[in-house]
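The lines below spell out each chain.
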Amino acid sequence: MSEPVTLPVSIVAWELKRLRKLNPLVHLLTNEVVQEITANVLLAAGASPAMIVAEEEASDFAAIASAVLINVGTLYPARETAMRQAVLAANAAGVPWTLDPVAAGVLEYRSAFCRELLELQPAAIRGNPSEIRALAGFSDAGRGVDSTSGSNEALDAAQQLARRTGAIVAVTGEIDYITDGEQTWATPWGHPIMTRVVGTGCALSALVAAFTAGAAKRLDAVAAACALAGICGQRAQAASKGPGSFKAALLDALYLLTPEELLEEKI
Amino acid sequence: MSEPVTLPVSIVAWELKRLRKLNPLVHLLTNEVVQEITANVLLAAGASPAMIVAEEEASDFAAIASAVLINVGTLYPARETAMRQAVLAANAAGVPWTLDPVAAGVLEYRSAFCRELLELQPAAIRGNPSEIRALAGFSDAGRGVDSTSGSNEALDAAQQLARRTGAIVAVTGEIDYITDGEQTWATPWGHPIMTRVVGTGCALSALVAAFTAGAAKRLDAVAAACALAGICGQRAQAASKGPGSFKAALLDALYLLTPEELLEEKI
Amino acid sequence: MSEPVTLPVSIVAWELKRLRKLNPLVHLLTNEVVQEITANVLLAAGASPAMIVAEEEASDFAAIASAVLINVGTLYPARETAMRQAVLAANAAGVPWTLDPVAAGVLEYRSAFCRELLELQPAAIRGNPSEIRALAGFSDAGRGVDSTSGSNEALDAAQQLARRTGAIVAVTGEIDYITDGEQTWATPWGHPIMTRVVGTGCALSALVAAFTAGAAKRLDAVAAACALAGICGQRAQAASKGPGSFKAALLDALYLLTPEELLEEKI
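Protein chains in written order, with the working numbering: chain A, 2 to 268; chain B, 2 to 268; chain C, 2 to 268.
Chain A extracted, bound-state conformation (with noise of 0.2 Å):
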C-alpha cells in the first residue's frame, strides 16, 4: 500500500474531456436540500443529471442510466424503498452506483441502510471523515453532515473501506483522498467556503457519479472528479466575495474550465 501521491492534471484534462463526450445521463436519488444544485453542478460540467424517485420509475431509470447517486441525505421509508431498487437495477444492468453516506454515524436509521448498501457493491462511495470512519467501523460520532475530524485522520479508515467493499472511496476536506486500498491520490485544492455554501458535497458525490460511467481506470475517474471540484472551488473562491456569490461563480467555473486550460496548467 502506497503513501498518497497529488493527482497529475493531465489526469483531470483527460477524464473531464472524455465526461463531455459522453455526456453521461445521472439518475439521482439524493436528499431533498441539494437537489438543485446538484443538477446544476451536473449541468455545468457537461453531465446530464435526472432525478426519478418513485418505486414506479426508480429501477427502470437506474437500469438506462449511465450511472446512479444514493445520497441518504434526508431519507424516509419510500425513498429507502426506490434506492434499493435502483441500486439493485443497475447492478443487474451494468450501471456503477455511488453512495454519499451523508451523516451515517450519527443516527441508526440511514446508518443501518448504508450497512445494506456496502453489500451491494457501490462503485464509489464519497463522504467526509466522520461518514467514512463511521462506514469502515471506527468508533467516531459526527454532527449532522459536519465532519469532526480531518480528512488524513480518516485515510486509513478509507482504504480499509475500499479494500471491504471493492469501491473506491473519496474522503474530503481541505485536502481529499481517493482510494483503492491499494493506490491513494491526494488532490489539494479544498476550500473553507465550500463549507459555508450547502451542497457542495453532496453535489460533489453527483460530479464522482458523473465521472464513474464508462470510466477505464476508476479510481483516476473519482479523483478527477474530486479535483475537478476542487479547482472550479478556488477559481470561484478568487472571483466571489462570500458564499451567495461563490455558489454562481462556481457554477460558472465548472462550465468554462477547459481540459485544454489544465494541459498548459494554468491552474
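These are computed hints drawn from the structure, not numbers from a lab.
Since the list gives no way to pick out one identical chain from another, each pair is judged satisfied if it fits inside one copy or across any two copies.
25 Å max Cα-Cα, derived SDA-like pairs, lysine to any residue: (1) K22 to G151; (2) K218 to R164; (3) K242 to S49; (4) K242 to R19; (5) K18 to P193; (6) K18 to R236; (7) K242 to L44; (8) K218 to G174; (9) K22 to G215; (10) K18 to I194; (11) K22 to K242; (12) K242 to L257; (13) K22 to E175; (14) K242 to H192; (15) K218 to E120; (16) K242 to L23; (17) K18 to K242; (18) K242 to R21; (19) K22 to I194; (20) K218 to E265; (21) K22 to T196; (22) K242 to E261.
Since the structure of chain A is already known, use the hints to place chains B and C on it.
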C-alpha cells in the same frame, strides 16, 4: 391551418402589463428539484406562487387560486393523488390549469398519468419536442428532461395535440411554437445556456400557468409567457459568464423588464 | 405593556457574536421550497443546519440539536408526524423550538396543526401579519404566504399570542415587531425586495431558531435575528439590481457582517 408567425412584441407588452396588474396566485404542484427557481421566476415576473401539496389541502387551494400548474417531474403516488384532486377542483371552479409532462414517453408510470390528465381539459401544455411528440402519440423516445428532437419537428405533433385536447400547446427549444391547433405563434428567443440551468423549462411552464389566469385570448397569453422567458434569457445571457451568473441575471431581467421597454422595441 | 422601542444595534452585535461562538446545530423541519436558501442563510450567518425528516430519526436528532424549526409550508401527514415527534423530543430535552405558521388561517389542515403546536410551548413564533392574526384568533384571511395586512395592525395580536403561549412572537414586514407580550422591540430594516425572493421569511424563521439556542434573554435573541436579516437585506439591496443578484448579495452580507461593524454603528 396557417404557418407559424413570429409573435409581435406588442402582445408580450400587453400581456405582461396585464399579468402585473392581476398578480395572479398560482398553485404549483411541481417537481422537487425546481421548486425554488420556479417560485422565484414567478415572483420576479409579477405573480404569486404557492406550493400546497397535501391531499388534505390541494382541492381547497386550487379552487381559490388564479391558475394551477401540474409538473410530473418527480411524480409519486401521494403527489399524484394531490395533483388529480387539484385538477378536478380547478375544473369545477373554472380555474385554468397547465400541464408540464416532464419525461413523458420515457417512463410508463408518468406517461399513463399524463394520458389521464389529457382527458381533463388542460388550458395549456408546455413541453420539449420529445414530450409533446410522446403525448401526441408519435413514436419517439426522450432522454429524461432533455429532448432528442428539435421544436420544428414537433410542430405537427403540437398542432394535433392542441386540436385533440383543446389546450394551447407550447413546444419549446431554440424556437418555441405555441399553437391552438389552427393559429401558431413562433417565439425565436431561446438560447442554449438555458439548457445548462435546471428548472428553466419547468419555470417557464409556471409562467405559462400564470399568464393563463384571466386571459382574454389564451393563445396570446401562453405565447407571451414563452416570449418573456426568451427575451429575458437573452438579456441574462449577455450579462453573464456561465450558468451560475445566468440564473441570477435571468431573475433580475424578469423583474426589471417593463412593458414600456418592449413597446419601444428596445429588445 | 410598553410601546415598541427600536432595538439597539449593540444587542444585535452581542447576539451575533454569541451565535458565531456557539455555532448552533439547528434541526430544520421546513417546507420543500425553501430548504436550500434556509440552509445557506444559516451557514452564512454562522449556524449549522441539518434537515432530518423521517419519523425514524426526527426525535433522536431533535434531542441532540441546539434548536429546532417547524415550518408548515408544505405540510403533509408523514412530515406532520415527524414534526410532532421532534417537538415532543425537543421539549423533553429542553431544546427550544420555533414555529413558522406558513399560511395559517388560509387552510384548515395546517391551521389545526398549528393550533395543536401552540399548546406545546414554542420558544418563538415568526410569521407575517395575516398568520399571526390567524393564530391569535383574529378573524382574518391571508393569501398563501403573502400577507394582506401590515405588521403594525398585527402588533396587538402578536402581544396577545405571546402572553397566551409564552413564546416570543415576531411579526415581520417593513417594520418587524418582536414581543414577549410585555416588552416589544421594533426592527425597522425590512425592504420590499425581500418579498420577491422565495424563502426570505422562512429563512428568517430558521435564523430565529438559531438565535434561541443558548439565549440568556430570548426576546433580545429573536429580535437580533430579525435585525440581522433586515440589516443584511438593506446591504444586499444596495449591492444588487434585482431579486436574482439580491439573493447572492444577502448571503454574502450575512457572511461578511461582523459584530464590530455593528458596534461602530456603520450600519
